[in-house]
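What follows is each chain in one-letter form.
There are 2 protein chains.
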Amino acid sequence: MGILKFTVTAKDPGSLARTGLLEVKHGSLETPAFIVVGTRASVKAVDPRELKAMGVQITLANTYHLMLRPGAEAVAEQGGLHSFMGWDGPMVTDSGGFQAFSLGFAIEHGVGKMVKMFPAEGKHDRAPVPQRPKLAKITDEGILFHSHLDASKHMLTPERSIDIQEKLGADIILVLDECTSPLSTYEYTRDSLELSHRWAERSFAAHKTDQALAGIVQGGAYEDLRIHAAKWNAAMPFDSYAIGGSLGKSKDDMWRILEWTNAILPENKPRHLLGIGGVDDVFGAVERGIDMFDCISPTRLARMGIVHIRPESGGNAANKWRIHLNGSVKAEKGPIDPACGCSTCTRFSRAYLRHLLSTGELLGFALTSTHNLYFITKLFEEIRQAIKAGTYQDLKAKWLAG
Amino acid sequence: MGILKFTVTAKDPGSLARTGLLEVKHGSLETPAFIVVGTRASVKAVDPRELKAMGVQITLANTYHLMLRPGAEAVAEQGGLHSFMGWDGPMVTDSGGFQAFSLGFAIEHGVGKMVKMFPAEGKHDRAPVPQRPKLAKITDEGILFHSHLDASKHMLTPERSIDIQEKLGADIILVLDECTSPLSTYEYTRDSLELSHRWAERSFAAHKTDQALAGIVQGGAYEDLRIHAAKWNAAMPFDSYAIGGSLGKSKDDMWRILEWTNAILPENKPRHLLGIGGVDDVFGAVERGIDMFDCISPTRLARMGIVHIRPESGGNAANKWRIHLNGSVKAEKGPIDPACGCSTCTRFSRAYLRHLLSTGELLGFALTSTHNLYFITKLFEEIRQAIKAGTYQDLKAKWLAG
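Protein sequence lines, in the order shown, are assigned to chains A and B.
Just so you know, the working numbering puts the end of the first sequence at 1671, numbered straight through with nothing missing.
Just so you know, the working numbering puts the end of the second sequence at 1671, numbered straight through with nothing missing.
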């Protein structure tokens, strides 16, 4: 057992939404929490001081990227990820398994975790189009992949993943798993699930430190497989749980998967929905018992000039709480969002940000990324407050209107 | 007369080095001062809060770049440059004249302000190699140039330059001048000087606001022309003075130019050496009576992974107070410079910075730029302290040793 204590502090009477206090080696955080992604040991363009200042509680870095550059040993020599990247708070690393998916199925099937992510909107069911040869191969031993950087060959076994994550030194680490595609057959998904469970056992056996270890529930969109996986994981003495793999072909698929899974996972351990973080996804998942989310979209969208606006400023489900700074922007004189209290909105105009982005000035990326991270961080603060105050449904109605 | 008050506060007994208090519309600063360049209304990759925190006193933005994007009117609509870029302290804009040089002679002659800047080190006297057609043409009316962005035609007259700078709203603005090349003949430089003086008169006549207006001393490396230009400028009621144009073919040429010029410019007005900021240049110019410097090199070098180290950490004239983070770097565990107190060196290792730069992580540019700006800002603080304490020569000896 690693260092992890989870205390449920409040429950929403009308749903499975709950608040919690999660205590890990490098500090504590309140849940539901958004985990800010710093893929290569850096939250892109944003200084860790800024993250602290805006209330970010926890970050996540990627084992796959860091094992290639600079290498786990190099990070360990610098005293681990916390010291390396200047983040002294709670931190998660993933196992590298998702990148096997990205290098494998995502390439071969032309899909994301939900089919609709890759094809054009609304075309959820079109036939998959193989796009490029995949770069990863799954064997019982582990994941054999070619680096996306130089095509060098690497074997990522459960033991190697744990060893790397122990060298990196995050507070919560993940077992190695295979992330299947929404287009994978029942048979493939079932066999993959068993493989993931064997890898999880090997991950558990290899784990030697006081880092918390999270199991991952797989099973695609198949009810019996998800239930089997949830039961299998619940029976293992993991410190924490993550829900991974294909989340189906629609939001409704995702909701069902969460309902099957969270009815089984132990109530007294935190549940992390991997790689999801849209506003509507967050509300739907929180009320189905999810405690943690991670997603790269706040910083990725920001670098594209896509920034979030709150409901008070016109953000809604139809516009996805987004405006495009590079497109036509009204109210050029004001900030991105007059209802936002971030260090970008309180100091800079849309016009200035657009100028920075259109001229390629690097500061622009930092300022828009800061705004989007603040947006999602404050949303989670509001969600926690609402659960405690018994006003979760009101908050949800306010955000999802329109 | 614009808003500018300059008070000499101390003098070095052994040279013309002096400290001063310069008061302008948006605040005051101590001289000698390093002016941090924010070409397109942004000090590349660095948040203005970071500039304030490290003690940066004054910034400079470029009329040429801002007239093209986003346009002076767009900046004025946002309340001027201070509000636009979130810098509420003293600020300078240049006149756009130097870019006419960059687009003209610098392209045609393949040179910089000193010949040695463009060719390989040590080849000061090689024949100039025309490289590309120049993009600017000088007429009596002004500078006709093609935008480097879209080849659109623009005419920058003295009146237009002043109008733009008034819209931008910096504390100190510059007259339009022509910057000649170190390879320009005596006759060309002489005729250009007279043109610059006619433009200066027109700039002066066009100037209507309370911004301080600086004259620019031209004349290349020709003694009689520099003396003539210094006298002409000294007789004009400019608030401040800048020394521009070709600074010759060697450091000794530059020193002579400064000696000719500063013997004539009024002692009670600040003197700005345009576009120069190397450590050895700064010491040589300060002791010849220069009060202000600006240079893009701290941030430009930083983005290339070239960072400064202080004498205590091995920085000297031979290595130009530089190490290359992308090359082989010893003491990987430590910061760039253990003797540096900047927010990068107190938090991050060379190994991390190298990781960020080699993976293209945007944070790397911010952190190295912050370090280099801190380095030069602290150098100027030390110079001011040394002048006041009568230890300027000792400080110079410490820095220029090796």
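A couple of the hints might just be wrong.
Note that the list lumps identical chains together, so a pair holds whenever it fits in one copy or between two copies.
[As the list claims (entries may be wrong)] Capping the alpha-carbon separation at 30 Å, the derived lysine-lysine pairs in DSBU-like fashion look like this:
#	residue 1	residue 2
1	K1403	K1518
2	K1602	K1294
3	K1321	K1647
4	K1667	K1406
5	K1602	K1321
6	K1589	K1602
Hints were generated in silico from the structure; no laboratory data involved.
Owing to the predicted nature of the structure, the values given are computational and were not obtained by experimental measurement.
Identical-chain pair category, K1602 with K1294, by Cα at 30 Å: Between copies, since 24 Å is at most 30 Å while 45 Å is not.
Homo-oligomer pair classification [K1602, K1589; C-alpha up to 30 Å]: Within. Shortest intra-copy distance 23 Å satisfies the 30 Å Cα cut-off; inter-copy 44 Å does not.
Up to 30 Å CA-CA - K1406 versus K1667, copy category: Neither: 45 Å inside a copy, 60 Å across copies.
K1602 and K1321: within-copy, between-copy, both or neither at 30 Å Cα: both (29 Å within a copy, 24 Å between copies)
Alpha-carbon proximity between K1403 and K1518, which holds within one copy, between copies, both or neither at 30 Å: Classified as within; 22 Å inside a copy, 58 Å across copies.
Alpha-carbon proximity context of K1321 and K1647, limit 30 Å: both (13 Å within a copy, 27 Å between copies)
Violated hints amount to a single one, hint 4; each of the other numbered hints is respected by the structure.
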